[in-house]
Amino acid sequence: MVSLHHYLVLSAILLIIGIYGVLTRRNIIGILMSIEIIFNATNINLVAFNHYCYPRAIWGQGFAIFVITLAAAEAVVGLSLVLAIYRNLKTLYVERINILKG
Amino acid sequence: MDLVFYLIALLLLFSSVMVVTQKSVFTSALYLAVALSMVAALFVLLNADFLAAVQILLYVGGILVLLAFAVMLSSVEQAKRETQVNEQWLPSLIISFGILLVLLVSLKRSLFLEAGVQKNHFYPTTEKIGHLLLGELALPFEVVSLVLLASLVGAILFSKKEKIDG
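Residue numbers (the numbering used here), protein chains in the order written: chain Z, 586 to 687; chain E, 3 to 168.
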């Protein structure tokens, strides 16, 4: 029988995969994709807690909807920023986006 | 039931690893589609039918198309030849596994109270979520709509052609 801990371990592994991607990807779009993976790990946690601890309530799923909405807003703003950066600097590699360093 | 969970989890972890290690960004976007669909399948296993539909609609149908557009609008050919991982991959790997170790130890010590989950006791959640969003969660709902409006304006502002001042 799959228990709550299975889901928690799965989402922990998913979280560290996302963290590894954020830390190592050079391409800024790859970093955005890793952030989406982290959001999904959070959502799995929320829904699993909802299902196993409070099966009659629905609050975890309602909160997960807010997380998904904010992820969509983040993706929209992030990708428009990425395109603006690409238009101005002609690169997407984060180590070359260093004009603020002076 | 167990076999389904393990299959979904295996596919999810495999495609997520491919997302962060794949050289071509477009290929990793396609693997991200697989990963997000598997998360939707996990939601189905957790009796969250509305959330699975939202996941498919918003992530696979919306965010992923946006990401694919961004990949195609930026240079694809220069991404294929160079390495996509920076030189800090070993410390990052160590940090990630450290975080995983801490999380697993704390999970092992945790005492979550698992209420009895009735088997084969499925009831649709869409109506309850609707009542929740427009009832007790009405204020966060409005705030999120404001955030969406702000992100819309921000996206238009950032993607506008900039005037060269000076």
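None of these hints come from the bench; they were simulated from the model. Do not rely on the hints blindly, as some may be mistaken.
As the list claims (entries may be wrong) - Straight-line C-alpha distance at most 27 angstroms; calculated DSS-like pairs for lysine-lysine:
1. E:K163 with Z:K675
2. E:K110 with Z:K686
3. Z:K686 with Z:K675
4. Z:K675 with E:K130
5. Z:K675 with E:K25
6. Z:K686 with E:K163
This one's a predicted model, so the numbers in the text were calculated from it and none came from an experiment.
Verification of the hints:
1. E:K163 with Z:K675: holds (15 angstroms)
2. E:K110 with Z:K686: violated (43 angstroms)
3. Z:K686 with Z:K675: Measuring from Cα to Cα gives roughly 18 angstroms; hence the hint holds.
4. Z:K675 with E:K130: Judged against 27 angstroms, a Cα distance of about 48 angstroms means the pair is violated.
5. Z:K675 with E:K25: With Cα atoms ~19 angstroms apart, K675 of chain Z and K25 of chain E stay inside 27 angstroms; holds.
6. Z:K686 with E:K163: holds (24 angstroms)
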